[in-house]
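So the sequence lines, in the order shown, correspond to chains R and A.
Here the first sequence is numbered in our numbering, starting from 1 and rising by one per residue.
Here the second sequence is numbered in our numbering, starting from 1 and rising by one per residue.
Take the hints with a grain of salt, since some may be wrong.
In the DSS-like style, the derived pairs of lysine-lysine whose C-alpha atoms are separated by at most 30 angstroms in a straight line are [claimed, not checked]:
| hint | chain 1 | residue 1 | chain 2 | residue 2 |
| --- | --- | --- | --- | --- |
| 1 | R | K117 | A | K183 |
| 2 | R | K192 | R | K300 |
| 3 | R | K300 | R | K227 |
| 4 | R | K268 | A | K183 |
These aren't lab readings, by the way, just hints derived from the structure by calculation.
For clarity, every value in this text was computed on a predicted model and none was experimentally measured.
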Amino acid sequence: MNSKQTNQNSEFHSIREVQITDATMVTALGDNLRDSWQRLLSGKTAVRRVTRFPVENYSSKYAACIADLKRCDGGSMIRPLLDRLFTEMAPVPPDSLLITATAKAGIDNLEKSQSGKPAKIEDISLSSISRFVSRKLGLIEQGFNISAACASSAIALAQGAGLIALGRADVVLVCCIDLVAEFTFSGFSALKALSPVPCKPFDRDRQGLSLGEGAAALLLMSRDRAKQENRPPLGNVVGWGVASDATHITAPDKEGCGLEQAILSSLKRAGLASEAVAAVSAHGTGTVYNDLMELTAFRKVFGKRRIPVYSVKGAVGHCLGAAGGVEVAMALQALSSKEIPPTVGLTHPMSEAKGWVSREPLSISGDYLLTANSGFGGINAALVLGKEQQA
Amino acid sequence: MIASVTGIGWVTATNMGCARDGDEFAFGEGPLPNIEHERLFEEPYPSFRRMGEYSKVGIAAISFALKDAEMDRWAHKRNIGVIVSTEYGCLGIDLNYYETVMREGGTGASPALFAYTLSNSFLGEAAIRFGITGKAFVVNEPCPLGLTCLRLALGSIALGECDQMIFGVNNVKHPPPFDAFSKAPPGALFFLIEKSPSEGIAPYGELRWKKSGVIEFEKSELRDLSELVGRCMAR
């Protein structure tokens, strides 16, 4: 297979092109994509000591929390975070199909309600995100939410791209969100998955993950609709793949079988050979097993080629169900600027990662970038993003 | 986009089973049946006992759907996907888990319970138990018996992503005040669809996702999953 074959040449010749025409995000690193990207490139981290709830009894004191996120009238913090998310996004067509993605939605309100504090119960439901967003943006339909742990938003993007590719939707808004809450913090602490220091993805001394929070919104359109709306593409979703390990519900498969399958499916969908991929935005949580599993899967797919791999989680923390959306928004910046960010937190690369990861930003050449996410339930998702090609 | 329904399984307050066994389907009010793993599996399944009701009910109904399609036995992992619609998912486990957090200021937080505080965790269990390696995720939509999971399943087959797809609903009752916003009947109902059913099994009928957006079962429009099970079993 030619390394730069395009979708039109793949066996899926009848499917439509999927463009990303808008992207916005809020993380602890910045209130918009531009600021977050610049801070990420300069190696800054938002992982700090947690002050939102008591952490003295947990194995870590660190997370990347967004500053000044205030609850109001018993509402979950998802409400002000969603308000902040859409301040810089261009108007969304009302007929957009909304697909939201979250692992735990307004779980902070479950904590409040169980502690006898005022809390809107409806914010706890996973469908609350699509309800809020559709109302806020004046969309015709509420859409639906997808939940698949830390692969939630990558799968939402894959489903949205699939529906456009099949001609079942013209515009899809994917909106993802998750919070740092004591509920999840205590759980990862109990599982001994939290790093006692800010996380160090792909480092030989990595000890676990640092939680983060954030939200991202990505607007997907068919080429025709984008042209009709006069929206230039930021990039394309050219391939996607989702696969289960079927080995364990909280630990990744040591051989990376599910991730390997997801990546191979995404490349097949894109009609690309692995040589066409310029860089990989890894899940890169900083846990001992995840990072090793990912590199195993990457080696199986990319062979002896040392492809540039990076993780943003040392900078923005692990945003759970929002991780994939945040990482795709950043990856669009990487493709556009031909530069991938440093893996923040990395000091001594694990032996398996030498030649793959870097503490410095790196220039890349090529038109395609792969993003990968994995989650509880043994679920894996991969997306192939293509560089924007103005008509 | 066309696929055939070849398996139907359920657990409801009324009963549990699958269509080809002659079991009657109905969503009912009241508690869901207590599910013992011996009823479902010949082999030992130690982790089943530790699961919450949401996981047990979901795995049982998937097991019945696979049995109905004569796909419950396997030697090699299979590229089958699962899409489940749920309203509150594993909220019951969330409440149990958070009790362990509050009890001792976080030091007693239960890792075993936390592992099941994601609505898709039971799909990981199902993947292991039934050897299925396709896509697996949960959807939450306004209508508890709506057709989103079916649309996405048909799309997956049309795109060649999975050989077969399992889709359906899984809901359990939750205590007040969490039941205040609940519209979903308790229970789980799953269907298995295939693009090209094997010759040994007679499909219940054909699903078609028309370009207009309408989904038809045997050439007449389908409104929700409850109607689909009724029309499949009437044939």
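| task | Please name the hints from earlier in the document that this structure breaks, with their numbers sorted from lowest to highest. | result | Hints 3, 4 contradicted; others consistent.
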